[in-house]
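J.: The hints should help you fit chain S onto chain H, whose structure is shown.
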Amino acid sequence: MSDVAAIAPVAPRPSRWRRANFAIGAVLVASVAALALLSFVWTPWPAAELDIPHKLQPPSTSHWLGTDSLGRDIVSLLIVGSRVSIAVGLIAVGIGIAFGVALGLLAAVKRGWIEEVVMRLADFTFAFPALLSAIMLTAIYGPGLVTSIVAIGIFNVPVFARITRASALVVRSREYVTAARALGKSEWRITVEHVLPNIAAILIVQATIQFALAILAEAALSYLGLGTQPPTPSWGRMLNEAQQQLFQAPQLAVYPGLAIALTVLGLNLLGDGLRDIFDPRLARQR
Amino acid sequence: MRAQGLAAGGLTPTRTEGSTIGFFLFKRFASLVLTLLAASAVVFTVLDVLPGNAAEVMLGQSATPESVAALSAKLGLDRPAIVRYGDWMKGLATGELGTSIAYDTPIAQLVGERLAVTVPLALMAMALTTALAFSLGLFAAARHGRAGDVGVMTVSQLGIAVPNFWFAILLIWLFAVKLRWFSAGGFPGWSAEDGGGIWPGLRALVLPAIALAVVQSAILARIVRSAVLDVLREDFVRTARAKGQSPRGVLWGHVLRNAMVPVLTVMGLQFANLLTGTVVIENVFSLPGLGRLVFQAIANRDLVVVRNVVMLLAASVVVINFVVDALYVVIDVRLRAKRA
Chain H
9 MSDVAAIAPV
19 APRPSRWRRA
29 NFAIGAVLVA
39 SVAALALLSF
49 VWTPWPAAEL
59 DIPHKLQPPS
69 TSHWLGTDSL
79 GRDIVSLLIV
89 GSRVSIAVGL
99 IAVGIGIAFG
109 VALGLLAAVK
119 RGWIEEVVMR
129 LADFTFAFPA
139 LLSAIMLTAI
149 YGPGLVTSIV
159 AIGIFNVPVF
169 ARITRASALV
179 VRSREYVTAA
189 RALGKSEWRI
199 TVEHVLPNIA
209 AILIVQATIQ
219 FALAILAEAA
229 LSYLGLGTQP
239 PTPSWGRMLN
249 EAQQQLFQAP
259 QLAVYPGLAI
269 ALTVLGLNLL
279 GDGLRDIFDP
289 RLARQR
Chain S
143 MRAQGLAAGG
153 LTPTRTEGST
163 IGFFLFKRFA
173 SLVLTLLAAS
183 AVVFTVLDVL
193 PGNAAEVMLG
203 QSATPESVAA
213 LSAKLGLDRP
223 AIVRYGDWMK
233 GLATGELGTS
243 IAYDTPIAQL
253 VGERLAVTVP
263 LALMAMALTT
273 ALAFSLGLFA
283 AARHGRAGDV
293 GVMTVSQLGI
303 AVPNFWFAIL
313 LIWLFAVKLR
323 WFSAGGFPGW
333 SAEDGGGIWP
343 GLRALVLPAI
353 ALAVVQSAIL
363 ARIVRSAVLD
373 VLREDFVRTA
383 RAKGQSPRGV
393 LWGHVLRNAM
403 VPVLTVMGLQ
413 FANLLTGTVV
423 IENVFSLPGL
433 GRLVFQAIAN
443 RDLVVVRNVV
453 MLLAASVVVI
463 NFVVDALYVV
473 IDVRLRAKRA
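Which chain is which? The protein sequence lines are H and S, in order.
In this text, residue positions in the first sequence follow the working numbering: the first is 9, and each later residue adds one.
In this text, residue positions in the second sequence follow the working numbering: the first is 143, and each later residue adds one.
Looking at chain H on its own, in the form it has when it is part of the complex:
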């Protein structure tokens, strides 16, 4: 490994590679979103329909990926399961943006003790990863989709608060903000008209990353039985059930995991691509 220090930095990877990654990410995310929407009007089989005589069927023309231990069609379960992942991701990131951006802007505009309190609260919330919040909420209110959404959403708030404050402080030090202030615009008008539009790109990139993390967290919570409850299909629960059939039907453990991994991969590639588009300087540095 010592030859690392001997090399000089060379040119970054070609932009064609980055564009391909971005395209792959966009296609993966669009496909999952399309499947989630499609599930409302069509699935190969009713996802909740039990068919015990045809349980653990191998892939066939009628059941493309076979059936699970209750005879349910795997493809239909995967398609309907995408709904939960997308919904949890959207709502949890929405909670993070709604509260986090508001707190971050408040800290950047007011500064002083308000900023200190907001930032210490953000630091403090990091002590409670989504799983710990979910454990506490489940112990009191029982498991469920709402519990997991709230737990993941709470963890997103400090992430967006920190990034909003840091970006807003940079924007607020720009000359055009000073000019707007000189023209007599109020702090909140400056925030809405100048700061928010200029930090939107950073927030969008962060939102894709948090979306991916939310999907992973929801899957873990559902796998543990703290998230989505039966009979609602979810990828995490499918993995939990598949583990119990690992000796008889190991293929059942492959499909839901692959669905989660491809969705998260798509979101990560999309986030990287958006970052390159919004801030080409970062692309050159990487």
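These are computed hints drawn from the structure, not numbers from a lab.
By construction, the Cβ of each residue, glycine as well, lies at the ideal position given by its N, Cα and C atoms.
One thing to keep in mind: the hints can contain errors.
As the list claims (entries may be wrong) - If you want the ones that stay clear, here's a sample from chain S, every Cβ over 12 Å from chain H, calculated: (1) 163; (2) 171; (3) 216; (4) 217; (5) 221; (6) 269; (7) 304; (8) 306; (9) 307; (10) 315; (11) 316; (12) 340; (13) 343; (14) 357; (15) 419; (16) 472.
Unchecked claim - Derived DEER-like restraints, expressed as beta-carbon distance ranges: (17) H:255 x S:262: 49 to 57 Å; (18) H:119 x S:218: 57 to 65 Å; (19) S:244 x H:149: 17 to 25 Å.
Stated by the list, open to error - Examples of chain H residues toward chain S, derived with CB under 10 Å: (20) 145; (21) 204; (22) 238; (23) 254; (24) 266; (25) 280.
T.: Okay, now just chain S, sitting in the frame of chain H:
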């Protein structure tokens, strides 16, 4: 010269530096104590105050008023919340955490037994993560822009997307179901008298540690690569090379030392992921660690156990981040100047 100055300053802090480091650590420690207090207040409020009558939650809807009253008296729920909180704080400081309702065992003893599984698992996973991430990160940095770099980055991109519990299930399928090299789960214990021992115990933790480490190291490898590339662009690296220092000397003396600040930051943040990952992975492999304990406690509605375990896990995250902050000033002399 700058490189030498930094390295020398990093190893032997002056008297003034020593006092500023001390002041920084004191401030950071005060913040740690406040954060722990705030965390304990939140945990107590959610798990003791919010439920209204915790005894009702623990016994369920079918409980008789007499049994609820008896448990309320046993838990001291008739006293004001602030007094109960004070008693809990005292218990946390002295290790008197109360008794588990489900196991009828002192909670400190339960937690101690479970930590004997969780701590070795977390340490094994962190060691494996560090070894894998540094090997891959340095390998990619050395081949920046070439096939090796692209390969490592692609693999790490895939690794980041894989849920660790899914990877764990695949490991069980391959190594326990197909190859039969490891058991699919369970833990034999560390004592030979109980049918276990050091080697069987470590063996039972190998697959869980790999499942945790592979995903974590995918993230860390990217950080190592990027941090090393950033430092390689610095003037002091060129100066050190121009002075005829060996590539190995430049790497260990300057590049790695300076690249450690961002790497440590991410390692600190990753600890929280590792800890929650441990909770999940323990359930995949049915390991009797803290993660399993807290899930059994939820199933048994043993709120006192849940409260203590959640507090322990949250405190671990806070303390590790404090340790990482303290390490910054040891590693990077420039931060001492800034923080002074």
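J.: For each hint, tell me whether it holds in the structure or not.
T.: Right, here's what the structure says about each hint:
1. 163: Consistent with the label, residue 163 of chain S stays out of reach of chain H, its closest Cβ about 21 Å off (over 12 Å).
2. 171: 14 Å, holds
3. 216: Correct as stated: the minimum Cβ-Cβ distance to chain H is 19 Å, above 12 Å.
4. 217: 15 Å, holds
5. 221: 20 Å, holds
6. 269: 18 Å, holds
7. 304: 5 Å, violated
8. 306: Given that some Cβ of chain H is not farther than 12 Å from that of residue 306 of chain S, nearest at about 8 Å, it is violated.
9. 307: The assertion about residue 307 of chain S is violated, with a minimum of 5 Å to chain H.
10. 315: 5 Å, violated
11. 316: Violated: least Cβ distance 9 Å, not greater than 12 Å.
12. 340: 28 Å, holds
13. 343: Non-interface label on residue 343 of chain S holds, nearest chain H Cβ at 23 Å vs cutoff 12 Å.
14. 357: 9 Å, violated
15. 419: Given that some Cβ of chain H is not farther than 12 Å from that of residue 419 of chain S, nearest at about 9 Å, it is violated.
16. 472: 21 Å, holds
17. H:255 x S:262: 49 to 57 Å: 28 Å, violated
18. H:119 x S:218: 57 to 65 Å: 44 Å, violated
19. S:244 x H:149: 17 to 25 Å: 19 Å, holds
20. 145: Residue 145 of chain H check passes; min Cβ-Cβ to chain S is 8 Å, inside 10 Å.
21. 204: 27 Å, violated
22. 238: 16 Å, violated
23. 254: 6 Å, holds
24. 266: 8 Å, holds
25. 280: 8 Å, holds
In the structure shown, a violation is registered for the earlier hints numbered 7, 8, 9, 10, 11, 14, 15, 17, 18, 21, 22, in ascending order.
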